[in-house]
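**Q** Using the hints, position chains F and S against chain D.
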Amino acid sequence: MDKILLLAHTQTDGSLPKAAYESLNAALTLAADLGGAAVTVGLIGADVQAAADSIATCGAASILAVSGEDFAASRYSSDTVAVETLVKETAPTLVLAPTSSRFSRCLPGAAYRCDGRIETHITGIEVVDGAVQVQRWYYRQRMVASLSRVQRPWFLVIDSGVFEPWQGAAGSVDVQTLEVAIGDDCQRTKVLGVQTPDSDAQTIRPDAKLLFVAGAGWTKKQTDGQLHIKQAEELILGFINNSKASLGSSKSLVDQSSEGGEVISFMSHLNQVGQTGSTPRHLKGLATCCHGEEPHTVGWRFISERRAISLDPNCGWAQGKADVLYVADAFEVIAKINELLAGS
Amino acid sequence: MSGGFHIVVCGSLVPDPLQTLEPMEGPTGPALKNEMMLPAVLDPWAGHALFEAAQLAKNVPDSKVWLVSLGPKAKLQQLMMSIAQKVSFELVAIDGSAGGFTDPFDVAATLADTIDKIEGLDRTRLLLFGGCASASRDSGVTMQMVAERLDIVDQFLAVDKLTVSSDGALEVLERIEAGQYQVSSCAGAPAMLGWATGSLPEPPNNPQVGMMNMRTVMPALQKAQAAEVGIGGLKYAAVELPKQRRETRVVKDTPAEEIAQEIVDWLKA
Amino acid sequence: MNIDRQMMEVDIACVGFGPATAGFLHTLSQAMTAEDGSVLLESKVMPGMPLQVVCYERADDIGFGVSGVVTRGKALRASLPDLDPAQIPMAAPVRDEQVLYLKDPLGKSRRSSGVRMLDRLFGLLGVKDHAVKLPYIPPFLCKKDGLVLSIGQFSQWIGNQLMGSGLVQVWPGMPVSEPLLEEDRVVGVRLTDQGVESDGTPGPGYMPGMDIRAALTVVGDGPVGPVGQKLDAHFGLPAGNHQDEWAGGMKVVVELPEDCTLQPGFVLHTLGYPEPEIFGFLYVYPDRVASLGIFVPSWLDSPVRSSYRLLQHWMQHPAIWKHLKGGTLRSWGAKSLQESGQRGEPVLAGDGFARIGEGSGSTNLLTGSGLDEAWATGVQLAEGVIELAKAGEPFSRTNLERAYLGRRRDSWVEKDARIAKCARDGFTRGMVPGLLGMALSGMSGGRFNVGGAFRRPWQRIPAFKDYFSGQLSAQEIDTIVEDCRQHGKPPFEPLMDKLGWPPIEYDGQLLISHQDALLLGGKVQAAHGFADHVRFVDPSACDDCESQICVAMCSGQAISASEGGGVPQFDREKCIHCGICMWNCTSGRDGDPLRSNVSFDAGSGGLHSAEN
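So the protein lines, in turn, are chains D, F and S.
Taking my numbering, I'd label the letters of the first sequence as residues -5 to 338.
Taking my numbering, I'd label the letters of the second sequence as residues 701 to 969.
Taking my numbering, I'd label the letters of the third sequence as residues 3 to 614.
This is chain D alone, in the form it adopts within the complex (with noise of 0.2 angstroms):
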């Protein structure tokens, strides 16, 4: 029989990230087409007891928990210790987690540790004849597989998004806390801190309902000859702030700052989306000034309705990868539509 660990790290508020609650949904629905295996959550944070209590009636068999000041901080050496801990203890066939920094970072290591085997951006999860099998992509987004192992346990990290959230009453729960010491040799790294972008305004939003693209030609010369990179990023960041959008790039407009070219001030490769950016998931995008070339629209996969604006009618684009193309100058588009969302 199955034996499920779902395995959760807390925000720095003590509080989960939603990507969690998605993940503790794919498990109960995993134990149950299972035909009701066990599952187990694993926490880890300074302080998880307000974690434990929002998911206080999920129903998991029991609540585990490493936590501690030596916990709060994303940070392998301890992370993995962590895990290695709640895995050995519950000594589950499945384990899942939800895609976070942090557990990308530790969980491979963790699995090596407990002589597991490691999935990640699982997209689903099915039972197929009694096996568990998942879907992840390859080769950039490019074609999906449906896969099993025999080797367990078998870790799963599921990209956020594709399941619903859990949603349930809190309550109080028990935690049963596991003690863990950390050596000296776990403590050669120490987190400073986090640093957010430059700009005053975040530009990344990964809950936001629509992408909005900024492609190279923001920052070409446009019909009077002329760069105008200024009022480029005046439109763009009064569209962001009007529509609540998240800021995603091209390569090439991101590229140009380590080519030194005149960039947009407040962008980096962090927005870069596409086969050596992101992949984000949103319900909407909107690209602009843009080619809508391969490498770049693999990482609209998971954006489900699109749109570009851009001044070629032949860019690729208009190959089948938006819904609709506008013929148009975005500078002038956008002006007007910042009026338009401005003005309602």
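In silico negatives: residues of chain S with every beta carbon more than 12 angstroms from chain F:
no., residue
1, Ala88
2, Gly116
3, Glu403
Pairs of lysine to aspartate or glutamate residues, derived as DMTMM-like cross-links and limited to a Cα-Cα distance of at most 20 angstroms, are as follows:
no., chain 1, residue 1, chain 2, residue 2
4, F, Lys952, S, Asp485
5, F, Lys758, F, Glu871
6, F, Lys952, D, Asp323
Treat the hints as calculated values from the structure; they're not laboratory data.
Only a predicted model underlies this, so the values are computations on that prediction, with no experimental measurement involved.
Just so it is clear, CB atoms sit at the ideal spot from N, CA and C, and this is done for glycine as well.
**A** Coordinates of chains F and S only, in the frame set by chain D:
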């Protein structure tokens, strides 16, 4: 710090992202159609790792860079002809599959075993570099498992910046959620850094660098050990291309006002 | 400006890695060391070591963006006696050859009275699918016992062996901008500047192109190569020679439909459609893959020629389409072919340099063969170099003329080239004189020919009004041209539509837009930091240009018309380096009428596909 870093970069080839990729069932599991014919490039994030490694080696005296590459020998040779012109490194080649469907657990074992046998490598000075994920498997797990096998417990993922202080301590910027960076310090080597894009542009092709690298590249290719890296414990039920094409409505010769209104209506819907 | 330029010394520097350079390096590398590893040909720049030989190639990898061929493989087999086509992807022995005369099923092509007579004559042989299968293939065209090959795959195959030998170095992604000339002596090459703006001015990360000094520079950079061009500008062509005839080859690699019955090694050549002057080819590789395409010659005296559109009409000819329908496009590409053959021969050797391959006029236009001849010239040069190196003699003009040219002149390449020299001259007068001339030359061993009416390529492009005389009124033409000018579009598509050529109905699989072909099959790469390699020398000439034929013929849609007319835009990131723009221009260059107003220089990247 006594002595410079021994930087080992793990990186291999992936199909040029511009190519049309199609899966097929090979003799030992899923593969890409015409895999050996597809033009290949250095895995982009591993490429950034390599460029950062070369820059670091340049700045910290007595440092050295190895590039450990697992891939089909003939394809590796081709790849080397382009990247060997860019930065200086010593190649350690392993002849095996560079495909995305291989089991990362086995890939990590092969890489770790190879690194362990590098002659003259001082593990106390080791910085293990790689991409934060590959553009083939896109899994982001291999480097951590390689590092575990080499007993490295200080690991960083999605690194964009590394600063080394005079005592050899590292300050690392890792990408985390919502466009933020986590800043960490580490006492020094050994450590593993899985790079994101870093901050360096792709170096230009330099014929002198190429000529220098060639002295080690060809011998390394000649003595490349064959490694059986396959799908391991994975069982693929299906690998499919998604349906990509949408019916695109192209709106032309329409005033900006109208387009703006249509987009606003769509945003609000 | 005083530029701090790095310098490196080698013994032999090669420019361009194609079949000729491959033949050269293959032959040379086998003579450099003995089986026990001892040095047989010693380096002068690194005493004790074997010759230091480097080759610089513009494309991102060797064998990218070239073409499919059928070849007798005479020289290849001489060099590679154990050659097994099964070892080379996309290679197969020739099994079956056919020549089809294609009639015009749409009635839209321009058929002179002579061509109409041909239609009737050939029609007597029996028409099927609007085509006539010629009952007899003249021996000079026959490729019996030959091979169909992808030059891309062949180049990679042989290149890997060469690099694996460790004796020569082939560096892709490294364009050579010019020969280093000291008076009439070539002392090496200069690599292209990197880290420059599109106009060539130094930008961030500026790295001046390195000087590679070499005792011998081997120029194998093809018909549009920058080094060859600059040598021609310096030395001029030998008296009586010219390079006025060109063709744009455009082809696709197609996965044939499952029910296709064509077997690997099948070779089909066509003539007659979509314009009588356009030749087509279809070669079948193993695994149901075919390479097929057309040649649009400079003597197709049309101001509305567009290889891409013409290719799609050709593919849809019933005699071709029956094989292709249901197939999928896998790859696409184009290149310029120097069609002057031996008449286009430049100065082949001088102090410190030698020229080989297509750029040296080695292509045989009677037999339609280039790869084997190119390889052979490379081998001949290598044999000469080995002889000189062993004797410790310098690579002087006299020595190279003896050791290399002597071999070339005594070989079958030269003998066949002489037969072919005037074989195609008749085409400069029209299709029928052309075919007649080829037959005469072929049958008489070159003794009889039909004389040519040679003109510069830019002199061959008629004005719209002349070309469409009797078909479209001056007013109709003016309206279209003006409308296109205002909207920044070239007029060739609307004019072809107006003539009644049906629009191409895209099926998204094989018939796809030009842009899609670029995305699906082109995969164009352009490394950052290089200058634009296509320039319009005199902008005022573009202002006066009516046809904008450079836009129409640009294989990669890298050249686009500007709104309101004038100098077209060039987008380096779309350029596949076919060089077709160079000879598709309506203006001669001021003071240099041999060349057109489009200059085509050294650039990095191009097509990123080896499936060609």
